[in-house]
Amino acid sequence: MAPVATPFFFYLLAGIMLIGGVMVITRKNPVHSALALIVTLLAQASIYLMLYAPFVAGVQIILYAGGIMVLFLFVIMLVSIDRSIRERQFNSQWVVGLIAATALGGLFIAVYTKGTSIFPEHALPMIENDNTQKIATMLYGQYMFAFEIASLLLLVAIIGAVVMAKKRI
Amino acid sequence: MESLLHISTLHYLVLGAALFLLGVIGVLTRRNVVIVLMSIELILNAVNLNLVAFSRMWGGLHGQVFAIFVITDAAAEAAVGLGILIAFFRNKETVNIDEVNLLKW
Amino acid sequence: MTDPNTTLSHLDLETPEKPFLDANELVINMGPQHPATHGVLRVILRLDGEKVLGLECVIGYLHRGVEKIGEHRTYTMFNPYVDRMDYVAAVSNGLGYCETIEKLLNVEAPPRAQHVRVILTELNRIASHQLWLGTHALDIGAITPLFYTFRDREEILKIYEKYCGARLTTHAFRIGGLQYETYAGFEQEVKNFLTFLKPKIDEYEELLTTNRIWVERTKNIGKISAQDCIALGVTGPVLRASGVKWDLRKAQPYANYKDFDFEIPTGQNGDTYDRYLVRMAEMRQSVHIIEQAVNALPEGPIMAKVPKVIKPAAGEVYHSIEAPKGELGYFVVSDGSTQPYRVRVRPPSFVNLQALDVMCRGQLVADVIAVIGTLDIVLGEVDR
Amino acid sequence: MGAILQYVQSYLSSDKTPGAAGNMFWAFVYIMLVFLGLSVAVIAMNWLERKILAHMQVRLGPMRVGPHGLLQPIADAIKLLLKEDIMPAEADGLIFWVAPFVVVLAAFTVFVVVPFGPTHAITDMNIGILFMLGVSSLSVLGIVMAGWASNSHYPLIGALRSSAQMVSYEVAMGLAVVSAVLMTSLNATGTGTLSMIGIVQAQLAQGEWFIFKFFPLGLIAFFIFAVAMVAETNRAPFDLAEAESELTAGFHTEYSGFRWSLFFLAEYSAMIAVSSIAVTLWLGGWLRPFPNLLSGSTWNEVFSLVPGATFLFFAAICFYNTARMPKHPYFRVQTIGLAGFGVVLGLIGLVLFVPAVSSRVQDIFWFSAKVAGFMYLYIWYRGTFPRYRFDQLMRMGWKVLLPMGLGVLVLTAVVALLQSYLWHP
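Protein chains in written order, with this note's numbering: chain A, 5 to 173; chain B, 48 to 152; chain C, 2 to 385; chain D, 912 to 1336.
In case anyone wonders, no lab produced these hints; they're calculated from the structure.
Don't be surprised by glycine CBs; every beta carbon is placed ideally from N, CA and C.
Among the hints, a few may not be true.
What the hints assert, rightly or not - Simulated restraints, written as ranges between beta carbons of each label pair:
1. Gly-66(C) with Thr-1295(D): 43 to 49 Å
2. Val-1311(D) with Pro-81(C): 51 to 57 Å
3. Ala-1227(D) with Arg-152(C): 29 to 35 Å
4. Val-1311(D) with Tyr-116(A): 49 to 55 Å
5. Met-148(A) with Val-1311(D): 26 to 32 Å
6. Lys-170(A) with Phe-1224(D): 54 to 60 Å
7. Lys-246(C) with Thr-1221(D): 29 to 35 Å
8. Arg-152(C) with Lys-170(A): 46 to 52 Å
9. Leu-1204(D) with Thr-196(C): 29 to 35 Å
Said to hold, decoys possible - Here are the simulated BS3-like cross-link-like pairs (lysine-lysine), alpha carbons at most 25 Å apart as the crow flies:
10. Lys-139(B) with Lys-118(A)
11. Lys-1310(D) with Lys-170(A)
12. Lys-52(C) with Lys-1310(D)
13. Lys-192(C) with Lys-163(C)
14. Lys-1310(D) with Lys-220(C)
15. Lys-138(A) with Lys-1310(D)
16. Lys-139(B) with Lys-163(C)
17. Lys-201(C) with Lys-962(D)
18. Lys-139(B) with Lys-138(A)
Extracted from the complex, chain A is given alone in its bound form:
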């Protein structure tokens, strides 16, 4: 069954994502932030499904929500958070940060209001059924080099993480 990009689901998921995003940056307790981020990520996976990208959605769930976020939670539990909760939550440059972010937002609005015309009215047709196969062909064909580089990056990241986190090597 082709996913139906109904407005209802879009606005529901977008609402969840935005609320989750706001929670991420406002909660005192990092565990709450992480859980809000997980909700955001899962909603985003659903949005990927609406965008005819089931494989990316699956990867999003398995890697982001099931992998990276567990890592985050793990670390949050390892470092004691009692102290940081009692402290001030926002840094001293928060006014500057907000102004910069607002400026960036203004930029986005400007670009999107000006550039709407370049988007085609209707999206081009897309077949969902062999999405995974096609992605696989591209990953192992056209993007082979990038794929290998990414694997190298992961290897470096693993070694780096181990070197930094381990007390005695």
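Given the structure of chain A, go ahead and fit chains B, C and D onto it with the hints provided.
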């Protein structure tokens, strides 16, 4: 109203931009390193959303492939970032980004 | 995270509160209400992650003042109390006490009584080892051996029940011999039990000895050297598993153990696996001893000439026997009255428990459980 | 009204899953059926585990509530529902409250794609197996949340342990799954599939269950998965997260009553879920045994009788035990109950002999029978093995299973490549 009910690529882009902004605000204003790292994840996700939305718009898969690369990158970034965080925490016993000032003597 | 109420002595645990990732951090109270501490033992663990940096045992939760009670009871009246110390090896406790008082009185139990004593005590050793095996395996996560050993231990308890009416705290022996003559068919029942038990011991070994997980969980865990054992006064299977051939039944024969032929099983590594093997071998040796004793059971009286009111001459005596858990000693001081002036018990569990810290350092939390199990402690005896 | 009826009927002749056919009514019915079946399976599993474990351990197990303790799980459920729901004062309320639901949700959602038969699945996703692995990995989150929110040492250590364990074994599990998925691509077009139904159909097309494919490669991959799935569900001998001798009860130490029972429910449905992955990937899913050796319509007929015969066999066991019940007025109700249970089983068996029913239900029967085999294995492990220590567990995951998984994956690819060159040069 009509444009609100017909979900076009622009809707996804606006959502992505909003998430990006949230992430930027988080990175710029929070003191807790963990939350800063999570805000970076938000930014990366906003980018992914745009990539997949554009991929949908053009009917190609390059955007999706690129999104997968970004997710890989995010995993690497999270692993290294959290590794640094743990090393930092062990030395300073805090997760406060204001105190990451070893270069400032 | 640190419990402010923990009393700390040799383990300088009073380091300031430090986060979990750092060394010397986590202090955990295991027990006294922990399912794997075999009663009310409280262990203060100092952990680095899951690695044990040191630990301290806090005991006394089951203290009933048995030694003090002894000073206010006559020699005969105190006899049942000793059963309540190591309640899974009550017969051994009784044997030790009775022999101590006999030594004080200079009487000797008649041969038939000696034989019956050996039979019942060795049966008790088997029962105690069975209970140890079941609970030890349960601690390591194998739940099935518990039911097998309890099924077979039941047969021993049935023999006790038929002999003296009690199953656990038997009060089987009296000063100077036995209270009861064996019941009709006692010898046959014991023999039947031995033929029943031999394949069962193989069955326990089948479940565990070559089980890879069991071997991985017990080999090189809780190692203790022979020197450490001797320095700490550790006795029993724990000492023998470290390679010291020391068994009071051979070294200072009591009762009539010198009449029987048996081996002292020893290990080499002093780890949990060796202690397991030593205890399994001891069960087979006990079977062997009982076989000899029951086949050579002499006729005759079961009670020596002991006065109705026991009033030993003033003096003191120390006598120890090889209880299932190690050297069980009684030091009794008499002032010539009907009540002991002082009774001091040297319980094997209490002394063996000292080795816990040595055995657990550098191991993981899960190994502490295995080591507590392998020490085979009974808190009733530790706290008395 | 007629339109609705037509909508409902339109699916019946379809050869697709309700999700694929886009029929919301039947999708809903299937969801309800799967949910119901799963609940019944968990209840039955509860009883069976206690009984089988008890018989392994020379004891009887529950005997009081109902004949042979058949009503024990229901009594337990009532007890758990009526118990006071305790929340520690220092706990993080919201997370403590949400955690069990997350675990249950993750455990139940995976059943959306489990194929009980070619048409008996709620839906058939293009990314089926990826979806299953991904969603089942979400249950880690619930466990971590529960352990952290309890604000107590033992639950926290239990949660850390189980999250580390599940994340580690997911890697080996994923590699084993990939090698099975690789085998699906051995067809004319050379493209495999991630869809659960597609995987079983690939086994049907290749005429071989993947456990026997490229012997022993399929077997090794299956073995890796079979070990990893026990670790993934936190069951013995990998039940470190709830090792009662070490951590009292692990991450759910502070839970009681209804919410504790949700963890219980999630654990068992997760066991069923991973078993169904294993069955789908390596044991031919809903396919009947010996499709090649005992082929032909006669054998098809014979095998179609098996479901009914199985139920009749269970009914016979019930009647045998009814006859063995003590003849005492005290046991009258229990005897009648057992006989009634036997009658119900027998009636189900008889209904299963009706060809129309049998042909539709056969797939479900074979699938469930294979899953039941795995459930028995779980119980058997629990009765036999001691518990691994945490570092040993990690060493096994990373140093044994992971290299093995990589090796099997590479070898499978090499063999598949050689085969394709030899066959289509």
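- request: Kindly indicate which numbered hints from before are broken by the structure, ordering the numbers from low to high.
  value: The structure breaks hints 7, 9, 10, 15, 16, 18; every other hint is satisfied.
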